[in-house]
Amino acid sequence: MQVRFSHISLAFTPDKDTLHDLNFTINDGELVCLLGPSGGGKSTTLNLISGLLVPTKGNILFDNQDVTKMGPSERKIGMVFQNYSLYPHLTVENNIAFPLKIAHWKKADRLARAAKLAKLVHVEDQLQKNVNELSGGQQQRVAIARALAKDPNILLLDEPLSNLDARLRMEMREEIRRIQQETKITTVFVTHDQSEAMHISDSVMVLHNAQIQQYSKPNELYDHPANQFVASFIGDNPLNTFDRSLLDDTELKEELGKVYDKATTVGVRAENIVLTKGEDTYQHGVRCKLLRSHRYGLISTRLYSFKGIELDATGLTEIHDTNEEVEIYFQKRGFFLFDASGNNLFLE
Amino acid sequence: MTKRKLANILFFLILVLGALIMVFPFFWMISTSVKTPSEAAQIPPMLWPKHPHWVNFVNAFHAAPFGRYLVNSLIVTVCTTAAQMFTSILAAFAFSKLKFWGKNLIFMIFLTTMMVPIEMLIIPNYVTLSETHLMNTYLALILPWAASFFTVFTLRQAFNAVPPQVYYAAKIDGASDWKYLWTVLVPICRSSIVAMTILEVISSWNDFMWPMIVTNDPNMRTLPVAVASFTNDVGTNYPYMMAAATFVIIPMIVLYVILEKYIIQGITKGGLVG
Amino acid sequence: MINQKISWKQTLHALLYLAPMMILLSIFFLYPIISTFILSVFKKYNFYTNAGQGIGFDNFAYLWHDPMFHQAVKNTFIFVLGVVPASIIISLGIALLLNRFSKVRGFFQTLYFLPYVTSTVAIAMVWTWIYHSDYGVLNFILKLFHLPPVGWLTDPHYTMLTLIIFSIWKNLGLNIILFLVALNSVPKQYYLSASIDGATPWQQFTNITVPLISPTTFLLTINAMIASFKVFDQIYVFYHNTAGPNNSGMTIVYYLYQKFYVENNYTVASAAGVVLFVIILLATILQNYVSKHYVHY
Chain D
1 MQVRFSHISL
11 AFTPDKDTLH
21 DLNFTINDGE
31 LVCLLGPSGG
41 GKSTTLNLIS
51 GLLVPTKGNI
61 LFDNQDVTKM
71 GPSERKIGMV
81 FQNYSLYPHL
91 TVENNIAFPL
101 KIAHWKKADR
111 LARAAKLAKL
121 VHVEDQLQKN
131 VNELSGGQQQ
141 RVAIARALAK
151 DPNILLLDEP
161 LSNLDARLRM
171 EMREEIRRIQ
181 QETKITTVFV
191 THDQSEAMHI
201 SDSVMVLHNA
211 QIQQYSKPNE
221 LYDHPANQFV
231 ASFIGDNPLN
241 TFDRSLLDDT
251 ELKEELGKVY
261 DKATTVGVRA
271 ENIVLTKGED
281 TYQHGVRCKL
291 LRSHRYGLIS
301 TRLYSFKGIE
311 LDATGLTEIH
321 DTNEEVEIYF
331 QKRGFFLFDA
341 SGNNLFLE
Chain U
1001 MTKRKLANIL
1011 FFLILVLGAL
1021 IMVFPFFWMI
1031 STSVKTPSEA
1041 AQIPPMLWPK
1051 HPHWVNFVNA
1061 FHAAPFGRYL
1071 VNSLIVTVCT
1081 TAAQMFTSIL
1091 AAFAFSKLKF
1101 WGKNLIFMIF
1111 LTTMMVPIEM
1121 LIIPNYVTLS
1131 ETHLMNTYLA
1141 LILPWAASFF
1151 TVFTLRQAFN
1161 AVPPQVYYAA
1171 KIDGASDWKY
1181 LWTVLVPICR
1191 SSIVAMTILE
1201 VISSWNDFMW
1211 PMIVTNDPNM
1221 RTLPVAVASF
1231 TNDVGTNYPY
1241 MMAAATFVII
1251 PMIVLYVILE
1261 KYIIQGITKG
1271 GLVG
Chain S
2001 MINQKISWKQ
2011 TLHALLYLAP
2021 MMILLSIFFL
2031 YPIISTFILS
2041 VFKKYNFYTN
2051 AGQGIGFDNF
2061 AYLWHDPMFH
2071 QAVKNTFIFV
2081 LGVVPASIII
2091 SLGIALLLNR
2101 FSKVRGFFQT
2111 LYFLPYVTST
2121 VAIAMVWTWI
2131 YHSDYGVLNF
2141 ILKLFHLPPV
2151 GWLTDPHYTM
2161 LTLIIFSIWK
2171 NLGLNIILFL
2181 VALNSVPKQY
2191 YLSASIDGAT
2201 PWQQFTNITV
2211 PLISPTTFLL
2221 TINAMIASFK
2231 VFDQIYVFYH
2241 NTAGPNNSGM
2251 TIVYYLYQKF
2261 YVENNYTVAS
2271 AAGVVLFVII
2281 LLATILQNYV
2291 SKHYVHY
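Protein chains in written order, with my numbering: chain D, 1 to 348; chain U, 1001 to 1274; chain S, 2001 to 2297.
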């Protein structure tokens, strides 16, 4: 089912919008991640889709039907909460079947459905157990099965993996992708972990400061971030940023041309700093000094000093001495210029 | 033997002596119950009669209509407890999970009822029940205790401990408030509810002053009232009196031994509230 | 749902849940509170018409001048002073001993708690037999130690002692249980570090245990006081529906009962009720004040 937000605003207090004029469409059958730092509005957006929250302004449409005024149970959605929110007094089987019991399904029918869903999420051997006996990952599977019980139009997941340890998180991430692809259910997934979002989704919506920062395919976010916030939020390494004026006396300024004058801030990804120029780099580099280097496993990190600021560089293999002055070059795909309001000038 | 070991033995003996003092009256009650009046009055007292007269229990039971009193006590205890738990669960749910105008005001108003000594309320309640011609009825014994803000207060705390997401999950699953309360919240909080239920059973079963005041009719007496007035029926027949006391005490002791865990839990949760 | 503005519909919905409790407590608690205050200031009151006449503080003046009420207040305070400190000290001692012997703790705890779950009236009946001047076990034990027999239930000098001993015995279990909770919530590392510092068990008790459980001690003291102010059932049983020989067991609640139920003097009984209310209110205020400012759970 397609979900559309049209001019949605939400204010908990009259003077400040928690969400401001949101407009987007989630296509049928897609898995979309709502990504952003905490307090950015992603869980709020999810709760608006679920009907647990009611917008102050605007309309929410499911396949062109206006559901703005509908309560959560009328919207035919399934939802998984961060703490799973399983019913602790029920067995796995009865947890999955609970929504069907409320809907007055016959006992045999609902148990059959619960068994089928348990199979889908791989907990078919746990059906009679109490939910407290399950591991976190298993509880999460049960929560997903329960959310799917009523064959909902949309599946909503609110930070479903954040209570799991790192290894299990990877496993469950793939599981959620598999279940979504098997059921082809439109899925909205809230996370603050950018790599989780990048790995799992068809599209990612970055939310920050009550607004959508960017809504596009995962790789788009990395390759063509709409603004400085997205550029620094996406990616495993930190984004180096510095004032544009530091490049004023370099030949790089000439090479960048007209767009350079509009920029106020420069952003360079740590993995896109190299020591030799090539076709994918700008032809002019800048001179800096190696302050220190550090290696952990495959990744070596170096800190260069450039006009009093420090630049992180990862992925360099050529060895040279500390305090030696070298010329570094910026690969074009990881080099951005932002204007005063943070917009990526290369996208214009 | 070390000093520490000696101290431990001494302390243990104190504990045992204390326990004997606590238990002795119960033992003495049973022991006297099965003596003849002359055996009971023997000096030095005999710990246990050679030929226990177990038949004393049967005779005492028939010396006054104890069958009737037992039924009265059962009816009053069960109805009072059921009514109080029902009204308290509903109210605690509203205070814990629902949003409505005047919530804090209503809560504060009824909170004052926890601070008032119930002995003070006996006169007006007596007047109210006389005027509505409810004296000597089960309703008079039950209605004043069919709601308790203390129980509401304690259950509300238990309900508050259930995360709001469970409520939202149930809403998404299509459950109404009523369904949520009875199929999710109550089962989750069952240990608190059981604890409060048993505490109310005990206090209702043992209640004395109010039942004594509203029952002039001997047929409406509850067991404690009947025991207090039993001397009028049997004079100074102590074995019969001890047997009558046994009728009141034994059911609660059985209940306590079986459900001790819940009683302790209720006491520790409620006892520190005030 | 989460952020919906409160509507009349929701308020009505909630009131339906609250209605049974609100109606019952209004009739049997809120109305009587007001009613008692009103009754207490009526000069005259007719039970059959439920109508009062004349407003004034005559009933309180009556209490002020009634030697019987003086006796009741005095006895009530003697009772509270006799029961509460002893009960707190004994129960703390027993709780400490129980903690020492953790293997048998559960068993002993059950025994010590037995009196608390039993009917005061029924077990007081048993105690009348134990207290019996001629055939009672207690006097027999005194005799074993070559002490003269005591008229526990007949000698007015012993009335308060008789009531106090019974009441300590009856309510010890409650305080023991709550002390055990408090003792076990003291973090163990305090004792570890104290013993590393060389503190003796007694020093550990006075420097760690006592201060850390003091909030509980205080709450238990107030609760025991409130309960003791209301003593009634055992007096009724011990002295066969009187307040003891020469009214030596007269307490505030017994006075209230006597005026109300025996003498049908509703207005004076209500005034006594108001006095009881004020005493207990002061204790409750003290409790709330202290638990807000000094108790941290």
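Keep in mind the hints are simulated off the structure, nothing from the lab. By construction, the Cβ of each residue, glycine as well, lies at the ideal position given by its N, Cα and C atoms. Check each hint, because a few of them may be wrong.
What the hints assert, rightly or not - Here are the in silico distance ranges between beta carbons for each label pair:
| id | chain 1 | residue 1 | chain 2 | residue 2 | range |
| --- | --- | --- | --- | --- | --- |
| 1 | S | Val2278 | U | Ser1038 | 30 to 38 Å |
| 2 | U | Ser1176 | S | Phe2107 | 29 to 37 Å |
| 3 | U | Met1114 | S | Leu2161 | 52 to 60 Å |
| 4 | D | Gln181 | U | Phe1086 | 46 to 54 Å |
To be verified - If we take Cβ atoms under 7 Å as the criterion, some of the chain U residues that face chain S in the derived model are:
| id | residue |
| --- | --- |
| 5 | Trp1210 |
| 6 | Val1234 |
| 7 | Tyr1238 |
Here is how each hint holds up against the structure:
The hinted range of 30 to 38 Å is not satisfied by Val2278/S and Ser1038/U, whose Cβ atoms lie roughly 52 Å apart. Between Ser1176/U and Phe2107/S the CB atoms are about 47 Å apart, so this pair departs from the stated range of 29 to 37 Å. Evaluation of the 52 to 60 Å hint for Met1114/U and Leu2161/S yields a failure: the beta carbon distance comes to about 32 Å. Distance hint check for Gln181/D and Phe1086/U: the Cβ-Cβ separation is about 49 Å, which falls inside the suggested range of 46 to 54 Å.
Proximity of Trp1210/U to chain S is violated relative to the hint, the smallest CB-CB distance being about 10 Å (cut-off 7 Å). Annotation: interface hint on Val1234/U violated; nearest CB of chain S at approximately 12 Å, more than 7 Å. Hint status for Tyr1238/U: holds, given a least beta-carbon distance of 5 Å to chain S, under 7 Å.
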